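Chemist: Using the sequences and the accompanying hints, generate a full structural model.
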Amino acid sequence: MTPMSDNGISVRELDPRDRYKLLCGVIVPRPIALVTTLDENGAVNAAPFSFFNVFSESPALVVLGLQHKPDHSPKDTTRNIHRGGEFVVHMVDEALSVAMNDCAVDFPSGDSEVAATGLATLPSIDVKVPRLAAAPFALECRRHVVLTFSPDRELLVGEVLRIHAREGLVDEANMYVDLNAYRPIGRMFGNLYTTQRDVFSLTRESHAQWRARQDANELKDA
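Numbering of the sequence shown is given in numbering that gives the first Met the number 0, commencing with residue 0 and proceeding in unit increments.
Calculated from the structure, these hints are not laboratory results. Bear in mind that the values here come from a model prediction, so they are computed numbers and not experimental data. Careful: at least some of the hints might be erroneous.
To be verified - Simulated crosslink set (DSS-like; lysine-lysine; CA at most 30 Å straight-line): (1) Lys20 to Lys68; (2) Lys127 to Lys68; (3) Lys20 to Lys74; (4) Lys74 to Lys127.
Modeler: Below, the structure is given as structure tokens:
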């Protein structure tokens, strides 16, 4: 393997496909959003996105990276959100992973991935778009702003209006999520995904606590 030069890799000089591969291989693991929208005929579209994350709590915002087709026309999810302004983000756990991957199949435009995969839906409350019954969490969202950066990419910022949780996942007294019951998966690169079973804890210290620990270590080493 050729070692990387001290100058690193100029991202702008890379072929777009290599740029995609490198970024997706470096920035891991990424959360997965399985997004439902409604098309103009009322069919429920579902598509997974790993260019996704929470952005803010006040207001409650999530971001989605929307990719267009090779001819620069918008994909179904993008077109549906442009028209209706509403969508539901579903978090993906181990149990939902196979169905999520099936929703990534290039079904013809207008075909419902939800119907094709047999995923059951439930009505949402604040938006018209149905939510998936099998999802551990469903976030009802409304379009806040869309930014266009190229003929192929848009950044969608959506406001989270309501969160639905599977029973037993959230301790509502303190809003803690039971990670062992949740079992989310993350996106790596290529065909690789990761579970989140092997976790560890790090306590965030105040500056005074950090300084005291450094002083104690210096005394011990003296």
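Chemist: Are the hints correct? Go through all of them and say.
Modeler: Hint by hint, here is what the structure shows:
1. Lys20 to Lys68: 18 Å, holds
2. Lys127 to Lys68: 26 Å, holds
3. Lys20 to Lys74: Status holds; Cα separation ~21 Å.
4. Lys74 to Lys127: 20 Å, holds
Hint compliance for this structure: no hint is broken.
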